[in-house]
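*Asks:* Protein chains in written order, with the UniProt record's numbering: chain A, 1 to 534; chain B, 1 to 301; chain C, 1 to 293.
Please keep in mind that the hints were generated in silico from the structure rather than gathered at the bench. Please read these numbers as outputs of a predicted model, since none were measured by experiment. Zero decoy hints are in this set.
Negatives, chain A to chain B, calculated, CB over 12 Å: (1) P63; (2) I169; (3) D196; (4) N208; (5) K215; (6) E319; (7) K327; (8) K451; (9) V467.
As a list, the in silico BS3-like pairs of lysine-lysine whose alpha-carbon atoms are at most 27 Å apart: (10) K67/C to K92/A; (11) K43/B to K131/C; (12) K67/C to K69/A; (13) K482/A to K226/A; (14) K226/A to K231/C; (15) K57/B to K116/A; (16) K231/C to K62/A; (17) K231/C to K294/A; (18) K159/A to K43/B; (19) K291/B to K100/C; (20) K74/A to K375/A; (21) K60/A to K231/C; (22) K520/A to K265/A; (23) K321/A to K231/C; (24) K131/C to K116/A; (25) K67/C to K62/A; (26) K92/A to K131/C; (27) K372/A to K131/C; (28) K43/B to K116/A; (29) K191/C to K107/B; (30) K171/A to K532/A; (31) K43/B to K372/A; (32) K131/C to K364/A; (33) K43/B to K364/A; (34) K92/A to K43/B; (35) K421/A to K67/C; (36) K137/A to K444/A; (37) K231/C to K92/A; (38) K9/B to K100/C; (39) K60/A to K67/C; (40) K73/B to K486/A.
Backbone N, C-alpha and C define an ideal beta-carbon position, used for all residues, glycine too.
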Amino acid sequence: MRVRKIVFMSLILVLVAAIIASCSKNNGGDSTNEPTNGQTESASGEPRMDVTFTTHNIDKVKPDAYALKYMQDKFNVNIHMVTSNGGDYREKLMLSVASGDIPDYMGNLPISDFYKLVDQGVLAEIPEDLIKEHMPKYYQYLERSIGPEPLKAFAVDGKNYALPGPWSIGKNINVVGIRQDWLKNVGIEKTPETIDEFEDMLYKFTNNDPDQNGKKDTYGMTSRGKLEIWDIFAPIFGAYGVYPGIFTLDGSGKVVRGEVEPGAKTALEKLAKWYKDGVIDREFLLNDWEEVEKAIIAEKAGVAQCEWGCFIPGEAFWEGKYDAMKKNNPKVNWVTMPGPKGPNGDYGTFQTNPIGDAGMFFGKQLADDRAKMIKYMDMFEAYSFDLETYVNVNRGVKGKTYEMTADGDYAWIPPYDTEEKQTEFGLGGTYAFPGAFNDYDFQKPFMTPKKYLKVREAAESVGVGKVDLMGPMLTPVNNEYKDRLKTFTLKSFYDFIGGKRPVSEFDKFVEEWKAMGGQKVLDEAQQIYDQKLK
Amino acid sequence: MAVLKEIRKYRTLLLMMVPAMIYFLLFRYGPMYGIVLAFKDFKITQGIWNSPWAGFKYFDMAFSDPYFYVVVKNTVIISLYKLLFGFPVPILFAILLNEVRRAVFKKWVQTVSYLPYFISWIVLGGMFLSIFSLDGLINQIVQLFGHEPILFLADDAYFRTILVSTHIFQTFGWESVIYFAAIAGIDPQLYEAAVMDGANRFQRAIRITLPSLLPVISILFILRMTSVLDAGFDQIFNLYSVSVYNVADVIDTFVYRKGLVESEYSYSTAVNLFKSVIALVLVVGVNRIAKSAGGKENTLW
Amino acid sequence: MFKINGGHVFNFFLYLFMIGVIVVTLYPFWTQIMISLTPKDAPPVFNALKIPQRISFDGYLLIFQYKSVWVGYANTILRTALGVTLSLIFTALVAYPLSKAELPFNRTFTFIILFTMMFGGGLIPSYMLVKELHLMNSIWALVLPGMVEAFNVLIMRNFFRSLPESLEESARIDGAGYGTIFRAVVLPLSKPVLATVALWIGVQVHWNGWFDAMIYINDPNKQVLQIVLRKIIYDNNVQTLKQMMTTMGIGGKFSGPQLQATMIMFSVIPLLLAYPFVQKYFVRGIMMGAIKG
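With the hints as extra help, turn the sequences into a complete structure.
*Replies:* What follows is the structure, given as structure tokens:
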């Protein structure tokens, strides 16, 4: 009898002990890396404020990281780092918010979440004047990237809750790259400009052995096509003034979708012809980035759309994946253009709306803790727009981790020239405190050495086209229909281009599209545009 | 005071139950107040209790939403397909494997067959994604026959077939174990007598093996009926995508998305409560059938 | 003569069919192995029944250095061991009294337990409970909330009920109480059902479980293997992979599919190795449990 009782009691004890043990280990909170110096007061005697930042790379966060220490001392705070990693980040965040655990600051969430959070009263108002006062350089960057009244699009009942993080280079990011050495090989002197010249080039790239290997193993142009409508040969549609897959304005202030505009029909006719003649990638519908990359790097295709950074040396901006082909084949030479000009003089390709989401926002508890909100704002401002802070957090210590070259560039001092060593020292992207305010003008000196500045600036200004008007807007009707419409449009485009369905049936497709909900989606977009953007 | 006396008499038994009962009260009944969410307009800042009452608003919303019926239909269809096609497979497999005479080979087949049961859907999903991908095995076969490759997992014409077949792939071996056991329990004299009567292997399988399996088959079938609203969250969640929602979205995935992804907590709780009620009805009903058909031995309570 | 021939034909097809079953079952594993061994610059094999031109074990060598995988393994093993032990103890302890018809309020207790099979509070209250008990980010959040499943209680109860009355009777005549009978008579006879339930919980709830870990665990040092896997297998966009490869310090050496396949195999191999050893227990367990259950 006694033995049994002991067994039962000890079982319960184990359970209770286990719970208590885990309580004392985690003070009920999220996984936070303990702040460096357990000090609660700084030298000046003022209490240190506790702030929390996210990182996508929490495995590598070290409590004694240089960037952490620098920010903590500069702003007299204790910084806790929490993870923002993985595809489940959003779900976890929303669940934690729903159970009443609202983080000080959140961000990088879809626009619909932002409006939901505002609606639920979870977010703190961030008065525009407060932003102007405490984040003046940030505000200027907003004005430069978005335009005057940059916060208007996000306002709810006249109040602002967002600190958007525009991607300023998005508007001109995509260009069309052409193999200049191939042009020469097929006897084309000047870079094609009109759609006819472009067509001529595609045929010659296919038939006239542009790589001079004696085999007919090349074709003109490749494109993504597997996932999104806007990826499918966007520059060709651009030549006829339409942008499938996104909301754009036509000349008269009407919101339209390129896939159902008459221009798309003409573009599809062209593409169907090219497809039949084999001058464009016949497998485009299977292509994601990886396949496009393969076709270009294997030198099968001579034309592709990519971000302008693809076609210039990696040192000049980022990656330079197609410029890097020169290493294997020194003959490779790229020329970029915005896209061929159509009969009406239209040209351009799909571009990215600089404001794709609402950026960063504060939890409602900061509405009552103005001092803390301002502390965060000061830190955001400093991290993204103050040279000294930026250099310290991203480059470290002059003479130890970096030095200035004769050109005035920032250069790493070995062994800190590898990302691994930099992270180990406590620098770089692991400690990107605010997350997403990238002012490319401000960051230029860190991304592009002086000698590449000209190359970059030339490349930067090539791309033109249109962006998705509804990018930062809440579009419930569209959200309901968009997947169905997208699947239907992709399938129809595959069939039109691949010759399975005659392009003459395009008008029927438009009818079907509108009947499937497309008309409702267009009406909604028009209404939003008239109310909020006009 | 008869009750107290009873309790004294069985105090050991009652004491044994204490830890689990505490568990059930704390972890299972503790959160059950959350069900009221279905009748409230959940406001995060006010908490569950203080949110305003909404009555049957969210049930009305569900019952008037055509998509809700799509989801319920998908759940039942997928579940029934799995039952219809998946249920006989392990029986057939067990009977056929029983015909294999070489013991070593038999053991090998058996061992291999229930291997997939132990692999998570995260991993299995990854494997099937690559097998059904555009350059995967299935599409290579499709292309051998001169057809265009098909995005199987994004095509609503194929998705349910894939769900059912991969479900069978994962479970047929494991479920056949039960039938092996039952076959092993059949009196060998029955077979000997049948051989004497000149019955061939096929006849023996039909006349002896199958009837002997019937009780097990019926019990398992009844048990399965109780979970008709569970169409397999892990499997579907790891395989589906927006383009097949119209055929693949089931109650569990719908509740997950409404709740966790779209933060419609009240709505998702209401739909889940609907599911629970149906499940309760099914279990009580099935239990009653089992009681009247098979006696007390096979009932749930 | 014909009859014998017929038997041969049948046997031929029977064996062919069974070999087919083996091939189909093993095929997905085979392709993953092949993909995981194909280096980036060799032509992809994908799912064709052929062997890659060149084989490289780089994938495995690099995964060995990926700390998260080992952390995931350790946590998964820990949660499985802890979870299975606690579940078995609690489940058996409650199932035995319920198997006694003479237990007062038996039907009430059974219904209380069974009710939880259908009704639950949902995600938010469960989450809040775990938070209030301060279990967030701890192994207990993965072990405690799902510790006793009503269904397993039923299976065990039915098994106990099916044990011959006479054994317990004779023990009772010898003066043993319920506790002693349970410990000395019932439990030793119940190994099959214990093995079955243990295997079920161990594999399906703990080894392969991920949803609870996704919700309750934020600390990468406490994350379980399935979540680490999920991150690699499903966040299959170029950006994530690139970021991950930089994190791992392996640059662009890998193709996405190779990394995924390697991770898949890496998680499956231990199961494959342990499998033959545990196999014989669960076969017996499920046989006993199922027929009675």
